[in-house]
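Put chain B on the given structure of chain A with help from the hints.
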Amino acid sequence: MNKFAHDLKLALRRLRRRPSYTTIAVLTLALGVGMTTAIFSLVDASLFRPLPFNDAGRLVFLQGYAASPDGPRIRGASYAEIRDWRNQSRSFSAIEIVDATSFNLTGSGRAERVSGEFVSPGYFQTLGVKPLIGRTFSGGEDSGGGPVSEAVISESLWKQRFGGRGDILGKRIVLNDVPLTVIGVMPDAFAGVSFDARIWVPASSMWLLGAPGGPDSRGARWLVPVAKLHDGVSLATAQTELDAVAARLAERFPDTNTDRGVLAKPLRQVYLGDTRSLVWALFGAVGLLLVIACVNITNLNLALASSRRHEMLLHAALGARRRELVRIHLAEALVIALLGAALGLVIAVSAMHLLAVLAPPSFMPPYAGVALNWHSFVVCLALAMCIGGLSAIAPAVAGYRADVAEVVKGATRGSVGRRGFAMRQGFVVAEIALALTVVTAALLMMRSFRNQLEVKPGYDASGVLAFRLELPENEYTHADLAPFARNLVSRLEHIPGVRSAAIGSSLPLRDRASASLVALPDRPEHPIRVYRHQVSPGYFATLGIPLEAGQAFGDTGPDEPVTVVSEAFARRFFPGANAVGRTLQIGDGKSLRVIGVAANARYRDLTSNLAAGEDDSDFFLPFSAFPDRDFDVAVRAYVDPASLSEPARSVVAEMAPGVPVFDMAPLDRPLAAQTSQPRFGSMLLGVFSLAAALLAGVGIYGLMSFMVSERSREFAIRMATGAPARSVRALVVRRSLWLALIGVPFGVAGALAISRVMDALLFDVGGLDPWTHGTALVVLALVLMLAVWLPASRAAHIDLATSLRDE
Amino acid sequence: MLKLENVEKSVKHQGGRLWLLRQVNLVVLEGDFLSVLGPSGSGKTTLLNILGMFDYDWQGGYYFKDQPVHEMKPAQRQAITRNHIGFVFQQYHLLDDLTVAENLDVPLGYRDVPKKERQARVADILDRFRIVGKKDLYPNQLSGGQQQLVAVARAVIARPSLILADEPTGALHSSQGEMIMELLEELNEEGITIIQVTHNEEYAARGNRKLELFDGWIKETAVGA
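Going down the list, the protein sequences come from chains A and B.
Going by the working numbering, 247 is the number at position 247 of the first sequence; the sequence numbering is gapless.
Every number in the working numbering is 1000 more than the matching position in the second sequence, counting from 1.
Calculated from the structure, these hints are not laboratory results.
Glycine included, every Cβ here is placed at the ideal spot set by N, Cα and C.
Check the hints yourself; a few may be wrong.
If you only want the chain A side, here are some residues facing chain B, beta carbon under 7 Å, derived [said to hold, decoys possible]:
hint, residue
1, Arg13
2, Leu318
3, Gly319
4, Ala320
For each label pair, taking beta carbons as the anchor points, the in silico distance ranges come out as [said to hold, decoys possible]:
hint, chain 1, residue 1, chain 2, residue 2, range
5, A, Arg18, B, Ala1079, 30 to 38 Å
6, B, His1013, A, Leu782, 46 to 54 Å
7, B, Asn1140, A, Val757, 53 to 61 Å
8, B, Gly1031, A, Ala342, 55 to 63 Å
9, A, Val357, B, Asn1140, 48 to 56 Å
One chain only, chain A, in its complex shape:
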């Protein structure tokens, strides 16, 4: 132990006397370990951390879908369908309804909007959660019969709104004007499968609180139940059974269930969504970065071993056994590893802080936090230490004994031998290949992101403030809704700084959508599902959506049957013809006359193909004729829209005291949110690719520097015998060019492979895009040229006298 402590002391001294090597080795290791730890923490949290539910591996979401030529389109399920699945399948021990929603909470204290879930009685038991106090819903509450006026609240809601008082059980609360009794409190560790719920209400009460349709309605589809597989039943078996159930339902209810099915998907898969591919892409990129870092360290150690060969031979000549030589190298490798690990930890912690600040909310699944994973740090460190340690002690293990005589001969320059040099060149080739792969992946993501930014949403989101209202049923009858809306728009337009205001059942990209079946009068038996909007007259003008034909609504009376359709709708229903003046039939048989065609706009996402027109068709109904008590409001301003938030709230408060205003935000915020994930992914990949390219540059710089040192005498002789400096420089550049030429094809192969994997993440750019691959080559070439130029210049300026002096 004393000896090793002595070795460590000497190792520190030796490393201090080699600042370049030490700095590069420590920084390289720190970069690789730190960044890999940060990303692996995300990967672990997203993909491997257990979900906070009992037996989560057997929990699945059941997603109702509509079959289409492009594959299943998720549409949700109706209450009646879920009842059928429950009755007809044997694969699940439980199928529980859950519907994430939000409520107006009034009654005690100020009105506030609270997120919650409608759930069936077995929900809590299926997830394996127990209340903090009280109880959850009992079995009799979801018999398909009448609603039950009970609720379970979260611990935080209990404390914030009710002071955490012990008399909460039995307390009356009012949700959407419906009185409910609190029967239980859930601990804050549980927030439902939506990870956002603060209040739970029996599913049997959902229609009482404003849900569409009814318990027997098959067409009202929006629910996504959670189910638990029986022990020993595989997902594939359950899916086969569900397909058979869906087929039976289609036969029995052809009007509502034709081309309808259900997919059983593990919870994690649904939560991750598109993030899974991005997380794996990032993990792959940072993994390559770690490999490049390890290759660099190995190369550095090989070079150092070469330059210290004489010293090691001298130790051997003085009596050192092999194990003692190994100990010397090991001590230095340990010091580098510890320094690198310490700095790597700093990098990892800093990276996690930055990720937590910069990562968009949608980047991580709701159950995963952005926090350092110590397991991943230990794994990465162990990996780096193994590789660094092995590369450090390999020369010692190989032995110096056979060449100890070199010391006696007075040879002061060690030689790594042809095999060692070839190995180092091989490593550099590998680095070039890996760096090219990472750079290509990053450029593909950046290009995809740029394409997404260039997508025109079809409306002008700048300068618009949006918010949502839900008018309670006990205060506003159906007949009150249209006049309220008209009055609200008028009062908002009188606020100074407001250009115009409008109402819509859903504004673009605000995560709300309604659909209806629409048919042509001559083909009523073939209705098509399209998205429905109920809008006020100024809707299109306020959102900056131009009309391609016809006109928008005036302030029409309640019975005027008119509609405006989107361009995609018109192309789909009336291909090649003018849609204005044509007639449509909606679900209840009512006929509508098309009075206008609005330009396409992106209401639900930025990436779907509007030209396809299949399921991205929209039609608009006058709000006055088809009012809803739950609607969005858009206010276009001459000023900063955020400055209108208080005046707007005041108007609502005057018109509808006790009705909370919620989801208030500038309309461009959801637009930014849509691009936030690819923006973030591009940024991260950009950072990794830059690091990878720099490390590859460091690798080739190190090798070329070493080569120049080894051949300095040769270069000196060449120049002394007449060779111009540029020819010596060219010698060095040519050597590195060869390495690049060998590495590039491997890099291109790697880039092509990673492009295929990334295809699902890319928008409007193919994985084989030649422009991207070409740019990656140019970027890497520039980095490598810079890395080679310095040693090449040094070779051309060698001190002839020093180099030619006999040793």
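Chain B alone, transformed into the frame defined by chain A:
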């Protein structure tokens, strides 16, 4: 002390063999101070490498204290080197990252000498060679003569019975060389066998025997100064 019987060494060269040593027969007694002379390329350093057991690729017989080195495994040879032989190089070959005291300590560390004894021996040798004041200096802070002094001290600190010195004064001024030669004489008087390779006839005469090599052959041996 040691005996060589028909020791020969050759290397491959242009399809044939190049002989570095031919039919070397040599007996060195304990307490001898043998000087090996010869022009460049005569095989002096090769001979020293074989005697120091740094070179295993030769033919013939080599007995060290009656033990047949030519029949030993590498580990056995290394043990003999470690326990009995000290080496002084022409270029000193001190370890640049270690102080004078630490350089002296290195051979003791590789011979498993306990720490306290190592410290005592290092202190003794520093005192004996009158370099106590330089114990914390690094080699690049010493003159050539001082470095060679430290190198000689390093060679003797492990109390070898044989010192092999390859041109110990080759890189020194005459006064420094004189100092080193006096030191070697002193060590020889204490009973340490010394074999030195030298080009300097005057220094060669300081030993009690001379051996001349030419093209790998022993041309001449002489006894006495």
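Against the structure, the hints come out as follows:
1. Checking Arg13(A) against chain B by beta carbon gives a least distance of about 6 Å; that is within 7 Å, so the hint holds.
2. Among the interface hints, the one on Leu318(A) holds; its C-beta lies about 5 Å from the nearest C-beta in chain B, closer than the 7 Å criterion.
3. Contact between Gly319(A) and chain B, as hinted, is supported at the beta carbon level, the nearest pair being about 4 Å apart and thus within 7 Å.
4. Residue-level restraint check for Ala320(A) holds (minimum Cβ-Cβ distance to chain B is 5 Å; threshold 7 Å).
5. Range check, Arg18(A) to Ala1079(B): about 33 Å between beta-carbon atoms, so the 30 to 38 Å window is met.
6. Distance hint for His1013(B) and Leu782(A): a CB-CB separation of about 49 Å, consistent with the stated range 46 to 54 Å.
7. Separated by about 55 Å at the C-beta atoms, Asn1140(B) and Val757(A) satisfy the suggested range of 53 to 61 Å.
8. Between Gly1031(B) and Ala342(A), the C-beta spacing of about 57 Å keeps the proposed range 55 to 63 Å intact.
9. A C-beta distance of roughly 51 Å is found between Val357(A) and Asn1140(B), which places it inside the suggested range of 48 to 56 Å.
The structure is consistent with each of the numbered hints, conforming to all of them.
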